[in-house]
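Line by line, the protein sequences are chains S and X. The first sequence begins at 1 in the working numbering and counts up one residue at a time. The second sequence begins at 1 in the working numbering and counts up one residue at a time.
Keep in mind that a hint or two might mislead.
Said to hold, decoys possible - Below, a list of computed lysine to aspartate or glutamate pairs in the EDC-like style, where the Cα atoms sit at most 16 Å apart:
#1 X:K256 <-> X:E46
#2 X:K347 <-> S:D193
#3 X:K36 <-> X:E240
#4 X:K256 <-> X:E268
#5 X:K234 <-> X:E26
#6 X:K371 <-> S:E131
#7 X:K493 <-> X:D296
#8 X:K269 <-> X:D462
#9 X:K351 <-> S:D245
#10 X:K347 <-> S:E248
#11 X:K36 <-> X:D76
#12 X:K493 <-> X:D478
Unchecked claim - Quick list of simulated restraints, FRET-style, between CB atoms:
#13 X:I126 <-> S:G181: 47 to 57 Å
#14 S:S49 <-> X:E418: 32 to 42 Å
#15 X:R129 <-> S:Y346: 39 to 49 Å
Derived from the structure by calculation, the hints contain no laboratory data. It should be emphasised that the depicted structure is a prediction, and the values quoted were computed from it without experimental measurement. All C-beta atoms in this analysis are idealised placements derived from N, C-alpha and C, irrespective of residue type, glycine included.
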Amino acid sequence: MSYFIVGYYALLIGASCLAAFYQKRGVFLILFSLTLISFIVGIVGGESSLWFITLCAAALALAAGTSFAFREFLVIVLPTELSKAVKTAPLTAAFGLFVIMTYAIAGVFAPIIAPFGEAEVISSAFAPADENMILGADQLGRDLFSRLVYGARNTVGLALTATICAFLLGAVGGMLAATIGGWFDQFMGRLVDVIMSVPSLIFALLLLSIFGTNVAILVIIIAVIYAPRVFRLTRAVAGNVVVMDYIEAARLRGEGTFYLIRREILPNSTAPLIAEFGLEFCFVFLLVAGLSFLGLGIQPPTADWGSMVRENATLISFGEITPLFPAAAIALLTVAVNFVVDWMLYRSSGLKS
Amino acid sequence: MKQDQDVLLQIEDLRIEGYSDEKWIEIVHGVDLTLKRGQVMGLIGESGAGKSTIGLAAMGFARDGCRISGGSIEFDGMELTTTSESDRRALRGSRIAYVAQSAAASFNPAHKLIDQHTEAPVHYRIRKRMESQEDAMQLYERLRLPNPQEIGFRYPHQVSGGQLQRAMTAMAMACRPDLIIFDEPTTALDVTTQIEVLAAIRDIVDQFNTAAIYITHDLAVVAQMSDVIKVLLKGNEVEEADTETMLKSPKEDYTKSLWAVRSFQRDEKKRPENTQPIMSVQNVDAAYGPVKVLQDVSFDVYPGMTVAVVGESGSGKSTTARCITGLLPPTSGKIVANGMELPPSYKQRTKDQLRQAQMIYQMADTALNPKVRICDIIGRPAAFYGGLKGTKLKSRVDELLDLIELEPSKYYHRYPPELSGGQKQRIGIARALAAEPSFIICDEVTSALDQLVAEGILKLLDRLQRELNLAYMFITHDLATVRSIADEVVVMKEGRVVEQGPKGEMFTPPHHPYTDLLLSSVPEMDPNWLTTVLEERGVDNIGEAANV
């Protein structure tokens, strides 16, 4: 029996005893059930499976530690009002913020961070990782890491622009519909129903094959497809605000529609809209990745995570994990954004206990 | 009536803490309370006095964000602070019942009244479902609900507010509890409806010899209902005495100040001669779709005068206000301001016409945008109508804040949720004043406020009227308010003006029968008032009294 296994069990059992002694029921239950599971897994899978569990736990601990440190960092750096909000944020939200910030930095400073150019062929196809290329090469011999970094700029940039367009379109329409009401409301509502009745991916494919694929058209099409959801939410939220007495007071004062929307309605509907923004961003992101995977999104040689998955997909059958890196990049960002959105939803719902 | 004089509920040194700003703050500081079987105790005090918190604590319950931190609560020999949650749960509903302020919000709108009524007795296996339904019908009859056999099979939205509150009381009685806690059961009701509910509650509590804690901020109501009165202030007991003594000779200054609230009164002003009315409503009819809500409404408001429009809910008071402001264009008739006919819809009116007539709302919470700073709320009308900017605007806002007796430097940058109810209402007044109007519609401005605070608002409005020569249209269902501030009174019922005239005339007989009903329904401080009124009207027709 190696020292590792002895140490592993000693640590787990010792920690569970400590937790039990200090009456931390939850912690104790987790630790001790982990011990029991480890017995079974250890017998079936041997020492390597225990190593795997240890690595997972270490990764989790590292992520938690990073999130904690990042949150403390934000509390100190940000101005007082924001830092108060961040102070109460759960670790998951801090983790999400950290990941988003990392992606943002990677996207903005891509040319500096990436060791090679986006479309630069530097080695043979599917070359394994070496000291030059930490993740190896893709199907044309381009550095995978450099393309991942550039992909952050292209994919995320496109998704962000498209989401912002969808929001401008949907939110302005929704607020106008709620404020003006009557036939305008009906017209917008039915228009949106028509757009929503077509499945989004098929609609996007249809439009893209009609108008051709370039970035501007892609952005417009995605904005049109996603604006209806934003419209519905905004109209519902604004509908609740419009009936308040302060809106009536402003109307009786003779204020115009634009003032009503900007100064009276918008400040009272920002929280749900921001949360919705995060969610929509994830959907748009996945749609862009999906379109790229089908070959109708961002065109080569521009680096993009969706098409990177497709181009390297053949490697999977050889037991290589290379195609999983761009997929993991997509997954991680989606999870991170959702963590942050959950936190914002929690804050806007006002449930504090 | 009360043979059984042993102690039912004994609360000693009760301390309750609330959680705010990440720490626990004590909100009830050691209150003692002793309640005998069959006794009714009135708990009074302004909002934040801890009335409801103590009422809930009597069931061993603390609402979210609160905890009972000390003292003992003994109910019929059982210590509620130490018994298990499941034991306490078994008590609630069966031996202790709770009647909430808003029956409409407390009933589940998706179930019939009688199904909700039978839930507790069936759950506690006190009665079978059919027995319990029979019992419910009997209780409905005792509470003088119309059609007691049938009313239980309606849904909550199909009965009126007063009936719902009585059904709620019947439901509380379903398990024949030893103790009922009434938390402001009539505050949301009209005077005419309130009187029915009060009589019903008093009768049934008497008949079953149930002990009750009656929480309210209305002294006249508590005088009718309770044997003993306890006055609370900021989580402390001020004094306790039986009702007679408390009303005749209160000891503490605070209690005296509560008693004095209703004394604010202003002499009636005469119509100024040789002037035209500042706002004149002429033969106005109005409708919501096909439903006619106003018929031939006419009255005049002269500069510097207050016209009070009274009537129960649904009588068309607020609709008249909507017609004047142009939110609901009248189907026929005219709104004339200063001799000039106003366009029917606010959209067609000029900026100056809009400026002339301002409005103060009932619920200051919804009337002020919670996301806008006080300086912008008050500053906007001044900037919008007067074109003020920069330092001129700031000094105008400061001036307005001074006018409503709020310190400018302290409140200038705050947001509405940081203010108390009375302060919010003052901001609402300042917003109306910022437009420099000559006519202000006050829509139930004091009904959501405590008496002391409401008194302050009324005095402020009165002072502003004298200083700025404002005309008020004062919509209210509270006749005490009318008595204190009005010059002329318009009584409305079912969309028509029933009677109108100067205040002095209106408050002296002979009255129109409806005015008479309204006037006689206002609770008075005399503990025998309810009994006398009921005798005069003949107890049996109390259910119909409001439909005269």
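Results for each hint:
1. X:K256 <-> X:E46: Roughly 14 Å separates the two Cα atoms, so the pair holds.
2. X:K347 <-> S:D193: Violated, at roughly 31 Å.
3. X:K36 <-> X:E240: 15 Å, holds
4. X:K256 <-> X:E268: 26 Å, violated
5. X:K234 <-> X:E26: 10 Å, holds
6. X:K371 <-> S:E131: Between K371 of chain X and E131 of chain S the Cα gap is close to 56 Å, so the pair fails against 16 Å, i.e. violated.
7. X:K493 <-> X:D296: Holds, because 12 Å separates the two Cα atoms, which is no more than 16 Å.
8. X:K269 <-> X:D462: With Cα atoms ~12 Å apart, K269 of chain X and D462 of chain X stay inside 16 Å; holds.
9. X:K351 <-> S:D245: 20 Å, violated
10. X:K347 <-> S:E248: Distance ~12 Å between K347 of chain X and E248 of chain S Cα, so the pair holds.
11. X:K36 <-> X:D76: Holds, at roughly 10 Å.
12. X:K493 <-> X:D478: 15 Å, holds
13. X:I126 <-> S:G181: 47 to 57 Å: 52 Å, holds
14. S:S49 <-> X:E418: 32 to 42 Å: 57 Å, violated
15. X:R129 <-> S:Y346: 39 to 49 Å: Between R129 of chain X and Y346 of chain S, where Cβ atoms are some 42 Å apart, the hint holds.
Hint compliance for this structure: hints 2, 4, 6, 9 and 14 are not met, and every other hint is.
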